[in-house]
Amino acid sequence: MSSTLILKARICQKSLQPLIHQARPALFTLSKSLQLPPSARFLCTRNPNQTDRKTRGQTDRQPRIENNAIRQGKGRLWNDAVDGRGKSSTFRQKPSFPKSVFAAGTAKRTAEMLKRKASVVSEEEEEDEPEQRTARGEGRMQPPDRPLPAAEWKKLKESLGNPQRFDTQMMSALFHSEAALDIAKSLLTFVAMETGTLSYKLLLRYLTLCERGGHDTEVFDVYQIMRESFPALDTGACSLFIKSFSRTERWREAISILQEVKKVFSPSPRNYSEIISAAVQHGDVNTAWALYDELIEKGLSPHWDTWDVLFKAERKSEEQEGEAVSQTEQQERLLGILLYMRNNQIYPPHSLTGSIKAWFESLPGQNWTGNWTSTLPKGVCRCCGSELESIQLTAEEYQQLRDRVMSDIIEGRDVFNKTTPEELEQFKVFVKRKPAFDVVIDGLNVANVNKDRNKQSKTLLAVVSELERQGLTILVLGRKHMLRPSRSWDKHDMNLIQQKAHCFFTDNISEDDPFLLYATLHSGNHCRFVSRDLMRDHKACLPDGATRRLFFKWQRGHQLVVDGYIVAGRRVRFQSIPSYDTIIQNEGDSWHIPYDDTEDRSTYEVPQRWLCLTKKH
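Residue 186 in our numbering is what sits at position 176 of the sequence shown, and the numbering runs on without skipping anything.
Read the hints as simulated data drawn from the structure, not as lab findings. One thing to keep in mind: the hints can contain errors.
Said to hold, decoys possible - Calculated lysine-lysine pairs in the DSS-like style (CA-CA distance at most 25 angstroms, straight line):
{"id": "1", "residue 1": "K461", "residue 2": "K501"}
{"id": "2", "residue 1": "K322", "residue 2": "K273"}
{"id": "3", "residue 1": "K438", "residue 2": "K510"}
{"id": "4", "residue 1": "K468", "residue 2": "K438"}
{"id": "5", "residue 1": "K211", "residue 2": "K308"}
{"id": "6", "residue 1": "K442", "residue 2": "K468"}
{"id": "7", "residue 1": "K510", "residue 2": "K465"}
{"id": "8", "residue 1": "K510", "residue 2": "K549"}
{"id": "9", "residue 1": "K195", "residue 2": "K164"}
{"id": "10", "residue 1": "K461", "residue 2": "K444"}
{"id": "11", "residue 1": "K465", "residue 2": "K438"}
Since we're looking at a predicted model, the values are computed, not measured.
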C-alpha cells in the first residue's frame, strides 16, 4: 500500500479520535456478531465449532506398530466364504474383484449411472441454468477496469443511487473480478477522503484481496492499521494474517498471532499447518513439531499438507548445538504419524503417500523399497506376497462392539421413536428361543432390489431360496403389511419364505435396522446380514470415533449386498466381501499403506490401491 494512502488514513482517524471515544461508532467497533463477507468466508477459517471433529487416536511414538487386529482362527462360515470351501462358499459372491459397495468410487459411479438414466430431465435443467446464472449476476456491481480519482468514484457511486454500503460492495466486486490492486487502493483513498475513516469490514475485504493476490507488503500495512485502530481482530482477519506472515521472513509473527487467537477461540488445523510449513522451510524443526504436538493434543485433525511438509523436512542445525531434532527422534515422530493415521482410519492421498515413500527410501543404511500395488482377493499383497490383516474382529473387539451397539443403538434414547418397548422385548425373546442365525435378511430392503414393485415377494423369495440352498439358518425381518396378500406380496411366496426361514414381522411404523443389528450381533461373529442400507445413521449414534471405526470394520466384513438385479431363473449373486482390513499395517520389515488415488471416494468407501514398503537385508 502506498505511503500516501496510509498517511491519509491515519490523519483521518486521528482527526476523528474524540468522536470515536465519545460515540464509539460502529465503523470502529468490532461486534461479536460480525458477519464476514463471502470473500472473507472463502479464505478464512471455519467456525471453531465446525472444524474437524475426528477423534484423536493415541500417538505413541514407537517405530513399529503392534497390530490391533490379531489374526484369529476363522469360524466355519468365515472359512467357507474366504477360502471357498464348505456350504458358505455358495454365497455366490461374484468373482470379479474388487466389486464391493464399499470400494472407492462405487457411489460416484452409481450416481452417474442414475443420472444418465434421467438424461431428459438433466438436459432440461441444464437449459435453465445459464438463465439463472445470468439473473443472479445482474445485481452485482460492475467494478472499473482502472484506478479512479475521487471525483470519478463519487460519480460512479451517485450513478448507482448512493447505496449505503457502496464501499464494501464495490470491494467485494473487485475481489470477485480479480481486479488490479491499484483499483482497490484508489477506492480506499476515495472512502478515506469522503468519510474520514475506513471501516473494519472494508479493511477486511481489502485484506482478503491482498492475501489472495500474494501482496504481502500490503498485508503488513493493513495489519499495522487494524492493530492501531481496533481493539481486537476476528477469526477471519487473524487467519488471513497468519497465512500471509507464514509465507514471508516475518513468519514468527504468525506464532504471536496464533497465541492471541488461542485466548479467545480454538485455532483451526489450517492455522497450525501454515505456521508448521513456515517453520520447516526456515529450518526450525523443533518449533514445527511443538506446534504439531499442540495440534494433536487439542483433538484437531491435521491437514494433508501438514504431514507432507513434515515428511519432506530435512534436518537443519539450530543456533544452539544439541537443540536439533535427532535423526532417531525424527523417524519415531514420523512413524507416529502413520500410527495416528492407522488409529483414525485415515487414507492419505497419492501425493502424500509419494512423500512417505520417498522418506522411507531416503533413510540411510535401511534399504527400504516402495512399490505401488494392489491386493489379491484373499488379502495377499501382489508385490511382496505378505498376508494383510483379517477383516474379522477379534473376540475382544467383537464383544466391545456388541456391547456398544446394544446400549447406544438398540437401547438408545431414540430407539422408541422407531419401535415400542413391548415390540422390542418380544423380539428379544423371539431371538433367544431360536438357534443362532447364519444370515439375517432385511426383507423389505431386499424386496426392493428390482424396480418391478409388483414382484417384491418373488424377489425376496429368490434371495431366501439361494441362501436356504446353502443350508444356512436364516432370519427374515419384515413388516406386517407383507403378510397381507396383494399384487406385490403373493400369499404363496410368503408361505414359502416362512417355510425356508425364520421370520419376524414388525409393526408397519417400526424401523427394521435395530432389529437386524440386534439379531446379527446376538448370533455371533460368524453371522452376516443382507441389506443395501449402509447404516450411516446408526453408526453416527455410536459415541466415539474408535467405536464407529470398529463398527465400519465389522460392517465391511459381514454385510452381503445383492449384486445387480434379480432375474427369474438365474442364481442370485452377492458382491464380494474382502477378507482383509483396509488400514495402514506394519509387520516385521514391511509396511502396507492404502492410499486415495481418486477424488470419487465417499467417506464410507475404502481405497483399492496400496503402497508396499519392504526392507532388504
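Evaluated hints:
no. : hint           : result
1   : K461 with K501 : 20 angstroms, holds
2   : K322 with K273 : 32 angstroms, violated
3   : K438 with K510 : 21 angstroms, holds
4   : K468 with K438 : 28 angstroms, violated
5   : K211 with K308 : 31 angstroms, violated
6   : K442 with K468 : 29 angstroms, violated
7   : K510 with K465 : 19 angstroms, holds
8   : K510 with K549 : 31 angstroms, violated
9   : K195 with K164 : 15 angstroms, holds
10  : K461 with K444 : 33 angstroms, violated
11  : K465 with K438 : 31 angstroms, violated
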